[in-house]
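Asks: Whenever a hint applies, use it, and build me the whole structure from the sequences.
Protein chains in written order, with the numbering used here: chain A, 715 to 913; chain B, 715 to 913; chain C, 58 to 276; chain D, 58 to 276; chain E, 468 to 707.
Please keep in mind that the hints were generated in silico from the structure rather than gathered at the bench.
There's no promise every hint is true.
In silico DSBU-like pairs for lysine-lysine, Cα to Cα no more than 30 Å straight-line [unchecked claim]:
(1) C:Lys276 / B:Lys740
(2) B:Lys871 / D:Lys276
(3) E:Lys637 / E:Lys479
(4) C:Lys276 / A:Lys740
(5) D:Lys276 / A:Lys740
With the C-beta cut set under 10 Å, the calculated list includes, among others, these residues of chain A facing chain E [to be verified]:
(6) Phe737
(7) Ala800
(8) Thr837
(9) Leu838
Virtual Cβ for every residue (Gly too), placed ideally from N, Cα, C.
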Amino acid sequence: MQLEADQLRCERGGRTVFAAVGFSLKAGELLLLTGPNGSGKSSLLRLIAGLNDPAAGTIILHGGHGELSIGQQAHYVAHQDAVKPALTVAENLEFWRAVLGGGDVERALAALDLARLAAYPATLLSAGQKRRLALARVALVPRALWLLDEPTTGLDKNSRLLLCRLMQTQLDAGGLIVAATHVPLGIEAQRQLDLGEPS
Amino acid sequence: MQLEADQLRCERGGRTVFAAVGFSLKAGELLLLTGPNGSGKSSLLRLIAGLNDPAAGTIILHGGHGELSIGQQAHYVAHQDAVKPALTVAENLEFWRAVLGGGDVERALAALDLARLAAYPATLLSAGQKRRLALARVALVPRALWLLDEPTTGLDKNSRLLLCRLMQTQLDAGGLIVAATHVPLGIEAQRQLDLGEPS
Amino acid sequence: MNAMWALIRRDLTLSLRQGGGVGTALGFFLTVVVLLPLGLGPDQALLQRIAPGALWIALLLSVLLSADRIFQQDFEDGSLEILAMAPLPLELVALAKAMAHWLSTSLPLAVTAPLLGFLINLEPQAVLPLGLAMGLGSVTLSLLAAVGAAVTVGLRRGGLLVSLLVLPLYVPVLIFGLSAAGGGPDLATASLLILLALALASLVLSPLAAAAALRSYLK
Amino acid sequence: MNAMWALIRRDLTLSLRQGGGVGTALGFFLTVVVLLPLGLGPDQALLQRIAPGALWIALLLSVLLSADRIFQQDFEDGSLEILAMAPLPLELVALAKAMAHWLSTSLPLAVTAPLLGFLINLEPQAVLPLGLAMGLGSVTLSLLAAVGAAVTVGLRRGGLLVSLLVLPLYVPVLIFGLSAAGGGPDLATASLLILLALALASLVLSPLAAAAALRSYLK
Amino acid sequence: MQSLANPARFLKIANAVLPWVWAAAALSLAAGLYGALAAAPADYQQGETVRIIFVHVPAAWMALFVYTVMASASAAAIVFRHPLADVAAKAAAPIGAAFCFLALVTGSIWGKPMWGAWWVWDARLTSMFVLLLLYLGYMAIWQAIDEPHRAAQIARIVALVGFVNVPVVKFSVDWWNSLHQPASVFRMGGPTIHISILWPLLVMGLAYTLLFLALHLVAMRSEIAARKIRQLRIARIGDR
Ligand code: HEM
Ligand SMILES: Nc1ncnc2c1ncn2[C@@H]1O[C@H](COP(=O)(O)OP(=O)(O)OP(=O)(O)O)[C@@H](O)[C@H]1O
Ligand SMILES: Nc1ncnc2c1ncn2[C@@H]1O[C@H](COP(=O)(O)OP(=O)(O)OP(=O)(O)O)[C@@H](O)[C@H]1O
Ligand SMILES: [Mg+2]
Ligand SMILES: [Mg+2]
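Replies: Here it is, written out as structure tokens:
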């Protein structure tokens, strides 16, 4: 299992955000994306997820399921939480379980200490609780690649620890993680990519 | 100029979030609100802003304009950015200038290093750039009290420094700041209130 | 005052840039007006008889279609909270936004509707009274729509609910608007006066109602 | 498959909890039906003549009013991106959401509309064909509405724009829907078959169109 | 909601009076029906159909009366901030809607022989129909907003705004020339219909009112219970 990106150029709204970016990530490795605001961290994650197409360059996942796109083998947690306020915490995860195909809601809730909020309507969640619900999605089904965009946003100390533990299990299981962040995640990263100043 | 809160009880959705909370903040002081997710930091800020009414207790701003509510003498930056995607960065601030009554857009833009992006439609902003635009609002008009809910969310190092400088000027001018946060802001706080475990 | 202008200007800009512009309103209006002959049959005399009513109904519906989001965006992105803390009282905020809606949607329709009347052969002498009646009526329509929008601002799918709440309140406007176009001159003036009264009443009351609703949603 | 059911179930739950429930749709439909006689005058014969057309137009409009948010919420809160990365192809996602809209709004209206017909004295013998025509037609309506919703998902004030885009596409449905209710039995069957064809065609094509539009907005 | 945590006094009173109200309602209903079906003469031109009046008219009265109750309860809720007022308003709505529906149905049944049509769009009938829609909208609001406190605040506004329609219904017959007859009981200068029709009609009116009172108390009781349950459920949910 290996993720290879080569000579990537990203254009958004007609402007080149970054160019000639490449990296290589082996099984069980965590890649940290750093760089100032607007340097293209989220954009790079979207490229990997296949939500945007690179203006140039290639992204390949060696040793994955050939017939599946990289996105279909990845979990993606964006800046937005993809939480439905009108559903309860459990219902939100139930839905993602069905869509992502299988998974254990109980375990996912427990993994981010949301078990006690299971029956709670998501409207009433605080910012951090909502973020945890978004993160719980990645604990549902195992997927080879995790794409996390500033995952620790709004999390309290304890939740950050839980997140670290979660990421560690993914790495130990030979999975890959690409995480964009401005603050230390509290877990040592094998690789780091600094996108530098926005062009 | 002094902000006094006494015996506050906060109820949301019929549940008591916290009770018997009080603090006193003098001119030029910064109060840090800490505590786990769901402990009521944002709720407390909303109480001070007058957006929610306390179930019990009082909040008084001594030495303010008697005829104005506390909210009308305060800047409030919530989890949401209150940014209109369809407007440019400058237009967004222009609007708030008119609504808040006066202020200097140029200075506000410069204060958070957004001058470069002034003519940029806000849809195209990255998360951190959007957050900076939200924060730029407080640099428009001087107000006695700043209420900041996790202001550093999504900010890069440089922007965090700019924010610190901004807060320092507010304190030096004898203003007050109440800031909820999970991460150190990089500016020493005269007072700290830990809301502890959610009841 | 300055603040109110800013609000109105901003909402107009937004509606222009986000596809809610005058053109769209007119387009929708046209399609409805075109649908009617299709639905009700091409019989000229029949169309002539129902023309004013058809135009009025099209007006009501296009106002409603555009109404349900008067406040929603500001509510969801947190702008409303800042506005609630601004010097400007929330009642005036509501009024300003209702006026913006009127300017961007109701008024253009009210002005052009009678002119489009020829499409479903409206009698020429009915054009002027109909225009006046719609001009006055549209104020009330926008203001009531704002109340409906405020009352459902927290509900993401409020669209239909707004209509259910507001359309019944539109009935008086419709009735007097029609009698203005239908009957003789004195009946016309009478109904125009009533429409004026309705507009003034809603101008005073609906901002209060809307602001109250918004406050309770902000809590 | 399982995933599609989940999507449909979720959207139904949401529309129920967020005030977009069947009841509201019916309420709106009722209000439109009330507006018509008010606007067009109480004349029995006239109403009887235009009853089917009126019901159809009311149906079109209430479908549209509820349509513009089929995808918007998922687009704005980021759910759509996750769905786009899910095993389920985006075409089926669009289809599922269109079906959910049909179940929650169009179908109930199509079923009850003919029964409400007596309010604007629809002839009893027209009830059954009208019901069948609306049942078939409503599928097409929801699917086309989904396309319109997808095409405008990025525009916050899409409401009117959707209508402007979709209403013209509704014209065929309206025409054949009417001829199903109006003419003799053989004409009725003919138009019902055409409606069926339209439904099938849009069942195949509109998910493709909607998905394409969504993808381009996600980029 | 916590102010509603102790509606014990209301519940005590309600439980105390309810049996009597039921009894009174039953008695007056019996009396009214006797008067309507046996005592009252068949109309010389309408024949037996005239008896619909005893179902129709009180129902129509109640439809208007209940909405008035609803609106004034909402006003009271705004002024005195007493949570019971909201409960009262919410509980009244479905009952009023039912009466309204009854008036509409019996009315149109009566309309067939009288006017030769189940339904005509004259002012009285239309405004009555709008009243039903207002009831539905009010109930839809309660159903759509799950947070009772907020739902209450919004519903008050809706109820008060909708109240404008009630006088319209009442006086529609006078303002617009209408097929429907003008008020002949509650009017300036006293009733104008024959005593033999009048007394059963009034008794039926009384019966309907008592029936509403009983149903209303029951509905309020269950609404309070429902809120208690919701309270407990939320309180049980842990945090974080
Ligand atoms: C669906 C059709 C009808 C509706 C919605 C309707 C509605 C009403 C309403 C709202 C009232 C109360 C008036 C008030 O309190 O002042 C009323 C009273 C009455 N209605 Fe009807 N009505 C309908 C049909 C009829 C018909 C067909 C008749 C018989 C010709 C009729 C005879 C009366 C009479 C006699 C009263 C009592 C008037 C009075 O004493 O105040 N109604 N109706
Ligand atoms: N709109 C609401 N209605 C009812 N309850 C709410 C609402 N918003 C938040 N709550 C509840 O109030 C409590 C406090 O929420 P609050 O947002 O103040 O927490 P917080 O300290 O800001 O958490 P975070 O660090 O995640 O921002 C939480 O338990 C939450 O479930
Ligand atoms: N939808 C969009 N269309 C066009 N340009 C965009 C879009 N979103 C972002 N951009 C631009 O692309 C650049 C990179 O944005 P991106 O969100 O990837 O930055 P980032 O590194 O994630 O910043 P942050 O740390 O604030 O999240 C920014 O200059 C931004 O203006
Ligand atoms: Mg980013
Ligand atoms: Mg918070």
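Asks: So, for every hint listed, does it hold in this structure?
Replies: Structure-based check of all given hints:
1. C:Lys276 / B:Lys740: Given pair Lys276 (chain C), Lys740 (chain B) holds - Cα atoms ~28 Å apart, limit 30 Å.
2. B:Lys871 / D:Lys276: At roughly 28 Å apart (the allowed maximum being 30 Å), Lys276 (chain D) and Lys871 (chain B) satisfy the hint.
3. E:Lys637 / E:Lys479: violated (36 Å)
4. C:Lys276 / A:Lys740: Roughly 49 Å between the alpha carbons, so the hint for Lys276 (chain C) and Lys740 (chain A) is violated.
5. D:Lys276 / A:Lys740: holds (28 Å)
6. Phe737: violated (37 Å)
7. Ala800: holds (8 Å)
8. Thr837: Thr837 (chain A) check passes; min Cβ-Cβ to chain E is 8 Å, inside 10 Å.
9. Leu838: The hint holds - Leu838 (chain A) has a Cβ within 10 Å of chain E, the shortest such distance being about 9 Å.
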